[in-house]
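As they're listed, the protein sequences go chains A and B. Quick note: to get the working numbering, add 596 to the position in the first sequence (first position is 1). Quick note: to get the working numbering, add 346 to the position in the second sequence (first position is 1).
It cannot be assumed that every hint is accurate.
[As the list claims (entries may be wrong)] Simulated pairs of lysine to aspartate or glutamate, EDC-like, Cα-Cα distance not exceeding 20 Å:
#1 B/K758 / A/E716
#2 B/K758 / A/D657
#3 A/K673 / A/E888
#4 A/K673 / A/D657
#5 B/K666 / A/E720
#6 B/K630 / B/E648
#7 A/K902 / A/E888
#8 B/K758 / A/E873
#9 B/K539 / B/E552
#10 A/K902 / A/E799
#11 B/K467 / B/E648
#12 A/K841 / A/D747
Hints listed in this document are in silico derivations from the structure and should not be mistaken for laboratory results.
Below, each chain spelled out in residue letters.
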Amino acid sequence: MNFKNFKLDLSNKNKDLIPQVLTVLFIVLVIIYFTINAQNNMGNRGISFGFGFLSQESSFDITFSLIDYDGSHSYAKAFLVGLLNTILVSVIGIFFATILGVTVGISRLSQNYLISKAAEWYVEIFRNIPLILQIFFWYFAALRALPLTVDSINFYDISFLNVKGWYVPRLIWTNFSLFVYSLIAAILLIFFVSKYAKKQRDELGKQIPVFYISLGILFGLPFLTFLLGGVTLSFQIPELTQLSKTIYVYQGGVTIIPELISLALALSMYTATFIAENVRAGILGVNKGQKEAAASIGLTKGQILKLVVMPQALRIIIPPTTNQYLNLTKNSSLAAAIAYPDIVLVFAGTALMQTGRAIEIISITMLTYLSLSLSISVFMNWYNKKMAIKEK
Amino acid sequence: MKFKLAKPNKENLNTFVTLGSVLILVGFFDFLANTFLDLNFTGFLPGGLSFLTPIIIGVMGLHFIRIEFSGNRLLDKINTNFNSSNFNAFLSLLVIFALIKYIPPILNWFIFDADFAGNTKQDCTSGGACWVFVKVWLNRFVYGMYPDTEQWRINTAFFMLFALVGASFFVPAKLKKYLLIFLLFVYPIIGLKLISGGDFGLEYIETGAWGGLSLTFIVSAFALILCFPVGMFLALGRRSNLPAIRYTSIGFIELWRGVPLITVLFMSAVMFPMFLPDGTYVDKLIRVLVAITLFEAAYMAEVIRGGLQALPKGQYEAAKSLGMGYWRMHFLIVLPQALKLVIPGIANTFLALVKDTPLIFVVGLLELAGMVNLAKTNPEWLGMAMEGYVFAGLVFWVICYAMSRYSQNLEKKLSTER
């Protein structure tokens, strides 16, 4: 109706539109500029953009691989080897960081003055030294001080540690797939048992000892496959063999290379400090009244911890801890500094040097990490929504 | 009757304390004799048990002195802090014994057996740490490959910085603003010009020669100053009502936060030159600074966004009701308050930034950790890795610990003010 008002609306719309159009225009221009330059540069070097190189023969070896790989395989397979190595060191790191972090975090709340001080100093020392320096320290200083192959440190004659790495027995399975199926079945069964137990508790007030039943299933079911399914397991113990007059090596068994040891050590010790702080904050964050209320309705100490304190503490602990897991995975890229063949070293290092395809390779590497991060943050958002306190 | 006797009680206080103390002393004596005199009194016991004897005896002793409300202040203090249960007593003894066992060798290596005098590796004879290595290389660890005769320029630049920061504590509040502006906008240019040279009769020194601890400070300081405004605009962009700007900011932030810094540095080293016209050369240090700035700006944006979200809505509404536009509202009302809220977060981001600087070795720039790596491969100084990394670790630790303490204090101070 009012002409004046109408005009005002329009001007407001323009005010919103102009910066947006400018932003988009700027981004598009930058992309066009970069693309033209990249095309010119690649033209000068006689290469064209494309991912065809992935199927070419890589012709380089990788010192440590979880799958069968040698120089005759393709670049795509080399990428896979690097990715698996990244995942391997991340999983090992996350496992030990969690154990160490939870222990230290709880220790910091201990009544024992010595224990809480020791935990505090652990956190203060390892949090404030750059991770890369810790990796260097373990790899170049600490592990290099280990004895030579001939004088290896002997762990009960089955495992040996020396400057070349850590030699552990190889597990030799028959009917391994059956064993894995039984494990999966056991986990599914435990899931249903705990659901059923929760239903019984909520509806009928019956307490079912879920923990012991789960433990029984977890060990019992795989054990049955040994008895009935023909699954066998034997160990191949590494043995010292003499190659020439002065050269000794351990053969048989699995070699854990020092790069992996030092990387996993540094990653887990560094990340554990942050997890410890999260755990401490989480336990401190549970209101004291909650514990008192639980005690006043007659729950036992174990029940209070399990049913009242932990669910609330976990709600505080888990989001920042997942973030730390993500950081650990990203930090595992520092492997490149000590030549552990992770995705950065194998793909963004060796493969890039050989092919010269900087744009494709760096993009693939970054996209891999990006998709990993984004999928975890999507999962975290879902989890947070699920765990958020539902208020009416 | 026998059972009652073993259970410590207040009536027989003296008996139990005497018994307990004797047992604890025996435990300690056994342990000390074992550690320092190489005497094993319990060698006749099987391996594991012999190893644990001092702890077992000690725990028994601590069990006897565990008497609640004994009336003795010292005893009560020991019991509540170190000896509240058998498990705690065990842990306490474990920590004490571990300290006694491992601290002396470490101290010996570090100080008492260490070599300080001399100029070559051959002067290190006593078996401890060879600090001669650090002494000889100290110049390189601090200044990198920067020519010796020109190092006064780095010193001057840093001295100016300290003088300016120190002065900012003493000048009156009115001048403080100008000093801050000078410090943030004018000083960096002066400092950079002083160190790089090329004008005013100063010899030009290429960035490849910069290095060591001074480079750590240069990179982290510039990255912080540069990433702050970028992060601020990204944070505002992420909360903007305009979809194009919001999604651009979200995409930008999530992209950098999703990848490791080392791949970003790789990108700046090998991929970025491909995107520039043929023949253009951008200095290594500038490329690194841009990469680190963009990377840290994404983290800074999230920190600042936290502050923006924590600010009560009433502040925005009040500003709007006064007729303020978007920019005036943000720069006069919202940001000053939001930034104050997140000062600890900013300090933590800066801490992470300092800890990330060693990664610039990827493009061939060597700050402290990189210089140590270089020095330990020098044929005349092989086998000095431990000394080098311990020194670098100590330097970084002192810097980072001081900063984290400062940020914690700030956090406490700010939280009480609210």
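Tested hints:
{"no.": "1", "hint": "B/K758 / A/E716", "result": "holds (18 Å)"}
{"no.": "2", "hint": "B/K758 / A/D657", "result": "violated (54 Å)"}
{"no.": "3", "hint": "A/K673 / A/E888", "result": "violated (58 Å)"}
{"no.": "4", "hint": "A/K673 / A/D657", "result": "holds (12 Å)"}
{"no.": "5", "hint": "B/K666 / A/E720", "result": "violated (45 Å)"}
{"no.": "6", "hint": "B/K630 / B/E648", "result": "violated (28 Å)"}
{"no.": "7", "hint": "A/K902 / A/E888", "result": "holds (14 Å)"}
{"no.": "8", "hint": "B/K758 / A/E873", "result": "holds (17 Å)"}
{"no.": "9", "hint": "B/K539 / B/E552", "result": "holds (12 Å)"}
{"no.": "10", "hint": "A/K902 / A/E799", "result": "holds (19 Å)"}
{"no.": "11", "hint": "B/K467 / B/E648", "result": "violated (49 Å)"}
{"no.": "12", "hint": "A/K841 / A/D747", "result": "holds (15 Å)"}
In terms of the numbered hints stated before, the structure departs from hints 2, 3, 5, 6 and 11, listed from lowest to highest.
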